[in-house]
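Once you've looked at the hints, dock chains B, C and D against the given chain A.
Protein chains in written order, with our numbering: chain A, 10 to 314; chain B, 10 to 314; chain C, 10 to 314; chain D, 10 to 314.
These aren't lab readings, by the way, just hints derived from the structure by calculation. These numbers come from a predicted model, not from an experiment. Be aware that a few hints might be false.
The calculated lysine-lysine pairs, modelled on BS3-like cross-linking and capped at a C-alpha distance of 27 Å, are [unchecked claim]: (1) B/K160 / B/K45; (2) B/K160 / A/K237; (3) B/K181 / A/K237; (4) A/K160 / B/K237; (5) C/K237 / D/K102; (6) D/K237 / C/K169; (7) A/K181 / A/K102; (8) B/K102 / A/K254; (9) A/K237 / B/K237; (10) C/K237 / D/K181; (11) A/K181 / B/K237; (12) D/K237 / C/K102; (13) D/K154 / C/K181; (14) C/K237 / C/K160; (15) B/K237 / A/K169.
A few chain A residues that face chain C, going by a derived Cβ cut-off under 10 Å, partial list only [what the hints assert, rightly or not]: (16) N11; (17) N12; (18) W13; (19) A25; (20) E31; (21) E69; (22) L80; (23) I84; (24) Y114; (25) Y118; (26) I120; (27) W123; (28) G127; (29) T156; (30) N248.
Glycine residues also receive a C-beta, built at the ideal position from the N, C-alpha and C atoms.
Residue-level listing of the chains:
There are 4 protein chains.
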Amino acid sequence: MNNWHLTTFGESHDTAIGGVIEGCPSGLRIDQQLIKDDLARRATGKTSSASQRRESDEVEFLSGLLDGVTLGTPIAFLVRNTDAHPEDYAALKDTYRPSHADYTYQAKYGIRDWRGGGRASARTMLPYVVAGAIAKQLLAEQGIKITAVVKSIGGETEPKRIEALLAECRSKGDSVGGIVHGSITGLPAGLGEPLDDKFQACLAKAMFTIPAVKGFEYGDGFAMAGMKGSQANDPIIVNEDGTVKFLSNHSGGVQGGITNGEEVFFNVAFKPIPTIGRGDRHDVCALPRATVIVEAMAALTVIRF
Amino acid sequence: MNNWHLTTFGESHDTAIGGVIEGCPSGLRIDQQLIKDDLARRATGKTSSASQRRESDEVEFLSGLLDGVTLGTPIAFLVRNTDAHPEDYAALKDTYRPSHADYTYQAKYGIRDWRGGGRASARTMLPYVVAGAIAKQLLAEQGIKITAVVKSIGGETEPKRIEALLAECRSKGDSVGGIVHGSITGLPAGLGEPLDDKFQACLAKAMFTIPAVKGFEYGDGFAMAGMKGSQANDPIIVNEDGTVKFLSNHSGGVQGGITNGEEVFFNVAFKPIPTIGRGDRHDVCALPRATVIVEAMAALTVIRF
Amino acid sequence: MNNWHLTTFGESHDTAIGGVIEGCPSGLRIDQQLIKDDLARRATGKTSSASQRRESDEVEFLSGLLDGVTLGTPIAFLVRNTDAHPEDYAALKDTYRPSHADYTYQAKYGIRDWRGGGRASARTMLPYVVAGAIAKQLLAEQGIKITAVVKSIGGETEPKRIEALLAECRSKGDSVGGIVHGSITGLPAGLGEPLDDKFQACLAKAMFTIPAVKGFEYGDGFAMAGMKGSQANDPIIVNEDGTVKFLSNHSGGVQGGITNGEEVFFNVAFKPIPTIGRGDRHDVCALPRATVIVEAMAALTVIRF
Amino acid sequence: MNNWHLTTFGESHDTAIGGVIEGCPSGLRIDQQLIKDDLARRATGKTSSASQRRESDEVEFLSGLLDGVTLGTPIAFLVRNTDAHPEDYAALKDTYRPSHADYTYQAKYGIRDWRGGGRASARTMLPYVVAGAIAKQLLAEQGIKITAVVKSIGGETEPKRIEALLAECRSKGDSVGGIVHGSITGLPAGLGEPLDDKFQACLAKAMFTIPAVKGFEYGDGFAMAGMKGSQANDPIIVNEDGTVKFLSNHSGGVQGGITNGEEVFFNVAFKPIPTIGRGDRHDVCALPRATVIVEAMAALTVIRF
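One chain only, chain A, in its complex shape (with noise of 0.2 Å):
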């Protein structure tokens, strides 16, 4: 499925946001409503610390698709974007925001769209999130599944710390960062190239695409830069029918950048969000609503293996 191509576009605050996927197998019919519950997790997360942002997200598809069936030609789609409200952003116009794109955008473009982020703002993973939908889908049906949990947030790992913890930085107006743990299972052995297309190279590469990523690690990541070999390596063991057990998968399902049909778990790493100060309209912390983003990056890579 190697032609599988998605093409995004849209401003936080400007018409509409969307996206076009071109390879999409033909002969597909679209569970919407897989789509529409991964978007209800981006947009609200399930919990109490989600921003008050309420767009009601709906999506339209503009083409591609007869009675719901895909064609095989591009499936377009968009988001319009209902809660714009620009004019609370124009402070910001003539001001660079600590840590926000205000800047580079300005450097790299020479004019920006002050509205709400335009560009940069997370709301631009929405097209991944419904393209990552139809791609978990279709993967699903070869028995391949991903999935995606918070496994820390600043530093804590157990849910009732994790509630004070954003209790505290949500009356303090702060923000903070977190860990996201993500799983790919049922993957075939042989995906990946041996060089420039590594299996895990694109996994990395897709999970920095995602806003306010600073860490990526899989296998056992970090870690092992501490270990020694005898403690890292897995051992191999041919079964008399030709096929193999891996005894330990301290590498996390990928050697030499090709997977060997184990489970790809990795770490990505989230900073806070830089938007302190306020506790309006913004998020206190990028988790959880991040992990369906970040299952949505993972199924757009493994797509295209």
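Showing chains B, C and D alone in chain A's frame:
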């Protein structure tokens, strides 16, 4: 210079290894000494921990040059594998070594070059080092400097302790991982794309192309997952002449996928070399030889923006 | 400007047709009138031979603009299919029309949009016309001018004879082919790549993207196959100031795949429209409506160099 | 097989010329004789009109093979320029030859390899011939056959008249153009993309990559511009078993950019070789040597679908 493209080829113990650089600007007098120096760093790491395999690593340029000056056309080069002893590996023909790519290549291709790892050998990094040296020369002319150093080996950061650890590994036939710290200075603001080719995403992809890399972080990286926004933000001041000044650089020189003119710094985690239990031709640690590879991959990333 | 990329989407009789332009420079105030004029040329050809289908062809821009000025981010646009009468085509659901793409789409995808040709309709050229108008505006600012005119229809070159031929075809329910002549002036010398992206090769590929195109030639084209070198060569004189002057232009403005600063001129051959035996909603000839499409495809080629 | 990608390199009179094939399937035993035969056709055209330059054209494979069988990794190969006499060209160092690429290279790069045309030499087609021979071998295994023959030289189609015309050109130090006819049979229906990578568009682009090509047409080509729809249409009959039968093939095997399973046939127009007034080392006509290049470019197009 975004037409730059490097194609590489070669197995570890076949005839030759090399590459073709497309899109290199015309009119550059290539400094062959810079290439030789970097190849020496890759071959020996300048330390006693380095591999005993000693290739002459003589680069032959086949095209793209007139009297040593680039023509703008493809620059092809190769290094012959003069020290290849494929017979040393004959025993590996029917074995899958633990945490090597033997099994995954077999699964992907149904055939594999069992002689010294074939295309999965770390020797395949050699063409990247050659092209990286040329890229670094071009970038240096623009005031962009790229350096990489060993940050830690097996968790140790003191040279004396590192030497002791390496000696211990050598005596026990074991290996050990480590972390390389990279730095890019002199970058203009404005490099990188808002979403699909963020500066850090391309850099991450390049680093995960290197064998044995398990983690990548930039700026304050994973530590930011434990920070609050009030700690992590980088205040920006606009000077009277319109230029800007950042009061800190937790972000690592990039905001919204685009460079802001500050130093880009990052860490790359290497797992221990999987070949253990043999003291002869193999490394105890991929570091410090890997530092020049990290520099090359960084240069090959920057040169495309 | 070689980051310019156009992605298009849409079926003839589904919700909408449109495109996403990536890599358009920031700071351009798009002249909407130029787009409207070109869409009118595509819709009517300004002559009585044009199709009776009358779309309002209202372009909606969704992203990439702030107060009508390009931001440098993706520019998405769409045109709704307001005059779609899919029920007119219900009879075609189970038929393969001669010299249409009905069968080939079915063979490729196992499914097809039978409503008015779906993705194979000439209406899919509409997004190229929109993007082409923007590209022509950008090129005009650099002094590059692109025009296309009808050279012949059914072998006739005299307007009076052409009108008579078209009238005859209309009365008999037949159709007829023709040739469009294109011209690009004001090009700098030096555009194009030596081999894989020769200027003329990219231009040819663009022209064959247009439905019904069966032939392309540039410079003296097929006639040169019958010439001697002594007739076909273009002498070049170096002026005292180092500039050059060509004494003829059989080459058509390109040598070795690279423009030489002279006019690039070319012919594009269109087969007759395959829909015959019906006098109602369909064209008798793709020309002159196709001239604006030829201009758009030429502009979209030049803009990428 | 759409990962196939050929990168080529080399100047006419520098060290070597060659290429790297990526994406060739593993497990193919390359038939070296097929490559030798095609190189001989390129070098001599098997007729007396061919160039007097006699390279041994010995291909050296550097990677991607184990005991002559493809590994699935990049296949690099080169041919050394053993018969290079750059000193013959020293007089051309400061001259722009008419209808050569001397001036355009200088304009693009500010430097050029004046030795025998450098990268603009027809000798740069050699790597395409090598890769094309491998592609033809792979396609033949799928029943796809590609052939190209001389259709006319200087407008003549009779062998006797052609010989006389070539003799005349040789005696006068002139050159002459011609047309090559190509044919692809055994193609399955369904190859090609609806718009941006139409089968015929990719084929056209490939042909215009060949030096001296000025025109391309497929099916009934330019003649269709003078036809009526009632003459040009290809009726299609659906057999009882669901297969189809075409009653004619004016379309040339493609509809809507996608193959229909019929023969794809096409014509390629070559201008006269621009080097005239010299009887020694140069061709009088690019044909028939060009036929094997046309075959190679067609094979390299088909292999990517």
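Now for the hints, and whether the structure bears them out:
no. : hint            : in the structure
1   : B/K160 / B/K45  : holds (24 Å)
2   : B/K160 / A/K237 : holds (17 Å)
3   : B/K181 / A/K237 : holds (11 Å)
4   : A/K160 / B/K237 : holds (17 Å)
5   : C/K237 / D/K102 : holds (26 Å)
6   : D/K237 / C/K169 : holds (18 Å)
7   : A/K181 / A/K102 : holds (26 Å)
8   : B/K102 / A/K254 : holds (19 Å)
9   : A/K237 / B/K237 : violated (34 Å)
10  : C/K237 / D/K181 : holds (11 Å)
11  : A/K181 / B/K237 : holds (11 Å)
12  : D/K237 / C/K102 : holds (26 Å)
13  : D/K154 / C/K181 : violated (41 Å)
14  : C/K237 / C/K160 : holds (26 Å)
15  : B/K237 / A/K169 : holds (18 Å)
16  : N11             : violated (17 Å)
17  : N12             : violated (12 Å)
18  : W13             : violated (13 Å)
19  : A25             : holds (4 Å)
20  : E31             : holds (7 Å)
21  : E69             : holds (8 Å)
22  : L80             : holds (6 Å)
23  : I84             : holds (7 Å)
24  : Y114            : holds (8 Å)
25  : Y118            : holds (4 Å)
26  : I120            : holds (5 Å)
27  : W123            : holds (9 Å)
28  : G127            : holds (7 Å)
29  : T156            : violated (30 Å)
30  : N248            : violated (38 Å)
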